[in-house]
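*Asks:* Protein chains in written order, with our numbering: chain A, 1 to 245; chain B, 1 to 603; chain C, 1 to 400.
No lab work stands behind these hints, which were simulated from the structure alone.
Glycine included, every Cβ here is placed at the ideal spot set by N, Cα and C.
Hints may be right or wrong, so weigh each one.
Pair ranges (Cβ atoms, derived) [unchecked claim]:
#1 A:K220 x B:R408: 30 to 38 Å
#2 B:L161 x C:G271: 45 to 53 Å
#3 B:P328 x C:G271: 51 to 59 Å
#4 C:V375 x B:A5: 56 to 64 Å
#5 A:R115 x B:V389: 40 to 48 Å
#6 C:L63 x B:P383: 42 to 50 Å
#7 C:S388 x B:P328: 27 to 35 Å
#8 B:R56 x C:A184: 47 to 55 Å
#9 B:S279 x A:R57: 49 to 57 Å
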Amino acid sequence: MTLLSVRDLTKAFGGNKVVSGISFDVAIGEIVALIGPNGAGKSTCFNMLNGQIRPDRGAILLDGTNIVSWSPDRICRVGVGRGFQIAATFGSLTVRDNVRTALIARQRAMWRFFRSASGVFTTESDALLDRVGLSLLADQACGTLAYGDLKRLELALALSNQPRLLLMDEPTAGMTVADRRKVMDLMLALTRETHTAVLFTEHDTDAVFRTADRVLVMDKGALIAEGVPAVIRSNAAVQAAYLGC
Amino acid sequence: MSFLAIQFLTGLSGSVSLFLMSAGLTIIFGVTRVVNFAHGSLYMLGAYIGWSILTRLPHDPLWFVGGVLAAALATACIGAVIETTLLRRLYRAPELFQLLATFGVMLVIQDLTLLVWGPNDLPMPRAPWLRGSVTIFGDHFPAYDLILIAIGPTVLAALLLLLNRTRFGMLIRACTENRDLAAALGINHRILSTSVFALGAGLAGLGGALILPDSSANTQMDLAVIVEAFVVVVVGGMGSISGAFLASLMIGELQAFGIVLLPGATLVLVFVIMAAVLSVRPRGLLGDAPIPSAVSATGKPMRPVSPRIQLFGWGLVVLAATAPFWLPPYWLSVLTEILIAAAFASSLHLIMGPGGMISFGHAAWFGLGAYGSALMVRTLGAPMPLALVAAPLIAGLLAVAFGWFVVRLAGVYLAMLTLAFAQIVWATATQWTRVTGGDDGILGVWPSGPVPFFWWVLSLSVVSIWLLQRVARSPFGLVLIAARDSEARALSVGLRADRLRMVAFAVSGAAAGLAGGLFVFATGSVFPTYVGVGKSVDVLLMVLLGGINTVIGPIVGAFAYTGFYDLLLQTISMWRLALGLTIITLVLTFPDGLAGGWRRSRS
Amino acid sequence: MLTRRTVLGTAAALAAPAAGRAQPAPIRIGEINSYSAIPSFTLPYRNGWQLATEQINASGGILGRKLEVISRDDTGKPQDAVRLAGELLDEQKVDILAGGYLSNVGLALSDFAQQRKRLYIAGEPLSDALVWQKGNRYCFRLRPSTYMQAAMLVEEAAKLPAKRWVSVAPNYEYGLSTVKWFKALLSAKRPDVTFVGEQWPGLGKIDAGATAAALAEPKPDAILNVTFGPDLTNFVRQGNTRGLFENRSVVSVLTGEPEYLEPLGDETPEGWIVTGYPQAQVTTPANTAFIAAYRARFSAVPGMGSIVGYSLIQSIAAGIRRAGALDADKLIDGFSGVSFETPFGPASYRAVDHQGTLGTFVGKTALRDGKGIMVDWHYSNGAAYLPSDQEVQALRPSAG
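So here's chain A without its partners, still in its complex pose (with noise of 0.2 Å):
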């Protein structure tokens, strides 16, 4: 069953095509690594997916609806979840006040003005904070959070909505090697016990090989190769462009 399928999705910056008429999809349930080299034009590409950048052209099919150009909250709203290359989190409130705050967006409950905050879903934070390992640091101001933890918190967020995508750009960057591995196992963890697919890009091809179900290979703005981690390991357009560097 096709969950996501991208179509021709074409983003060019001044006549300098980044993007250029990629197409893919993404099953349900489904891990794809979206790997290339530097300005291969995965992140752009990711952009387009998460609404951040509006594509020349192309299409965007989440479960046979169209979401291109649609805004990024729009996006979320129809189960899409995201992760920031560095961390993104609410860095005055506390971890559990970061996903309680998720939590009100997910069920629309910003509106209320004379309630106090403090009294709602906090039985669901707090469940959703020990899924992730964050239990014992639900009080901390979130700026004071290590790294890893600021990784799992973001998770937690991009987990809030229960989305049936949920888009990773490098989760790993900027971590130890220990943590990431931790981060790592987690993600899938969490995401194949709710049976949501992920589609990420890495730079660790370790990782890369490791997890994911299927491999997209991009480089100068196009799709260069497809397939499971064994077939791409050893494509040699993939090494030529990618693993050779």
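Position chains B and C against the provided structure of chain A, taking the given hints into account.
*Replies:* Quick look at chains B and C alone, frame taken from chain A:
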């Protein structure tokens, strides 16, 4: 044809002092992130020092050049002193807190100038060569204005050379673009900040000294230029010197021709231009530097109000309710005013604290509420309670409409757009005489008696503040803070940051409108000064002084600022000196604001 | 300078401490003005009322009591003025309010005075509304209003051959209403006159070069100038260099007042028709004595502000003497129609609208020894430049 050419040249020459002012302001902002309110004072000092030097020198061109440069140098030294003794200690404080300090400096300089140079305007006698004119298309055009026209591009070229061809300039650019990176590269920020502040001050001083052949040194010139200089900086794009040049040319020309086409529009012209530019280009003409978030996003968490303080607060409210029985009438009126100020400041705090939006024009809503309720009473004969219902409605509705524009901007750009709107409201109040009474205002809007009115003020202010605090703690308040901390993350969990801000704007505007409505009955009248820049600055100072990270900050700030100001005004004539020094002392002692400082000293 | 809480006839009070204790409490005047906002006018003004207070106390005070003035700075904002007026009434227990520079401060104080049923004597505020449209029985005003100043100048302007006029005035109430009256009164006397252009620079923000060029553009025969202070200096310098005033008549309000004439220095344009104060040239005994006393006290030459401050206190003293008591109704009766002495000569507060008949000098500007002075001047008595009592009563709807 000849008229157009003359007017064009006049616009060019008029833009030069604006450019010199704003170039300094924009460099200082770029490197230190200080919104330097005292920049107009430095300009004024340049003029006064220039006057003192030039009137003692022989009257030929070379001595004139030397004297002007000496004045600029002296002003640069004053700038360096201000930076090293005061601002340097505040770079770690929350952003915009330095604005408080520079406001204090401005007050101090106003009174010191009066002490040193006296109250009279000081015109510099013009040497004959400064009076000359050249004939252009058969009309006289001042020769000195041609010199000014040449000075603008010369200074621009010198600054661009400095920025692009020297190590010092490279450091300035590095710091402007990315302060953390610059720090990581081992750039000595202290020396750089001091020299940049001195450079900016020197440019302001140069601008001040250069106007002497056209104008007198006088005590009002600091405030006359500062707002327009900010407009130029913002229209040009903050941190961009070429942008400042372009914007000053644009504003100089539009003013020169604007007064021909619309002679009555002098009060609003620049603000309408700014609003237009910002709605098309939210970062100004040439601004591409990242917009620094106005209220620090790495921000400290909002501090909850402990139950003990809440209890204490309610105790004070009960005590205040009995005030009419033991407080003399004048002090009751001061307390009335302080309560209104606290409600006003709390309304600003909602958008500044949780909302992360600075407003330089919050008096707009206060004034709209004030005019709204005064007009209800005077033209419709409404009773006071009805007028007090109308005040927040009118202000809130207009805040929604305006919020729609403003939430698309960020940081100081947003702040300046609020200023533009407030100035447009102010000009409307001033010029729509038939309805608003113009400068003469609307009079005779008195409540039935001071004591029942006090209870009205007490209950409405307390309810308003209590509701605002509840809103700040509500789910809405939480997601508002979240959207302030990270807009991208907020969007990706499904929150529309712009809508949240718009609603916050409306709530805040309505609360400010209520405060304005109350104020009308406290003073019995409404005037355009209720919408003036001064009123907006006052409330901004209260919020900053109290501390932005706690909801009791604005209340503490309102009590401290209003109470102290009222007290000074009735006790000493050099109140500006005293107020300025007090603000500077407080800022240095409590860099988290009064409420924050108190809390810190306990923990 | 640092404190002005108790500026009164200090010398007299300190010289006789024993007697002071036995004396009845002084009559207190609560005075409010824009000291920090407009120092160039208000500081000479303060000297003026100090001198008057000292003189009155030295000659035995009023009704056997000393006069004491308690002064406050309104910072140029009506809301501060109203609050301070409350302080003066409730805390300082003053008997009469006085002062004001800006029109809106004057109007706010007048309205407050009516609300509290106490007297307010306005010195400098020039707005017509103060005694007419928004006049009330508690408010009196000393200086000739914008209407009167305009009327005095129109008398001279009508004699000029000029037909095409332009005007330049600061963009606020004072400027607007002066231009309005000047146009109306001049057009009534000279139907052949047209106004072909107007400029409204923001107060303190004149773009003088552009304004001068824009005024010259319609090729007028004459210019009405209402700018003053720093704006005037800028305007005159640009106008001189650009030849704006060559072969044109200029009529200019307040420009002959020393506060505004002095800064023009050797660039004072000659032949402008102005209102003002020719200082020592006026050799009436009253003025000569005033200047001598002022010089002895402050080592300075008095300005227009000094005249206003001095005359204000003199008029208040006269009003109280005539009333013989300090309650508001008696005071109103006492002030209505009271005559008082000023350096300009005798004047009075009209019963019909509480407007003072103090006049001003109308003359021409000239240059002497590098300084601007007034020449060919004459004193215009304010009483001669007011509409008929009937018209005034129609203009005064609220006061009855």
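*Asks:* Now look at each hint and say whether the structure bears it out.
*Replies:* Now the hints, each set against the structure:
For the hinted restraint 30 to 38 Å between K220 of chain A and R408 of chain B, the CB-CB distance of approximately 35 Å keeps it satisfied. The hinted window of 45 to 53 Å between L161 of chain B and G271 of chain C holds, with their beta carbons roughly 50 Å apart. For the pair P328 of chain B and G271 of chain C, the beta carbons lie near 58 Å from each other, so the given range of 51 to 59 Å is met. Between V375 of chain C and A5 of chain B the Cβ separation comes to about 38 Å, which falls outside the hinted range of 56 to 64 Å.
Distance hint check: the CB atoms of R115 of chain A and V389 of chain B are about 25 Å apart, inconsistent with the given range 40 to 48 Å. Roughly 43 Å separates the CB atoms of L63 of chain C and P383 of chain B, a value that falls within the hinted 42 to 50 Å. The hint said 27 to 35 Å for the Cβ distance between S388 of chain C and P328 of chain B, and at roughly 47 Å that hint is violated. Hint check: R56 of chain B to A184 of chain C, Cβ distance near 49 Å, so the stated range 47 to 55 Å holds.
For the pair S279 of chain B and R57 of chain A, the beta carbons lie near 29 Å from each other, so the given range of 49 to 57 Å is not met.
Comparing the model with each earlier hint shows violations of hints 4, 5, 7 and 9; every other hint is respected.
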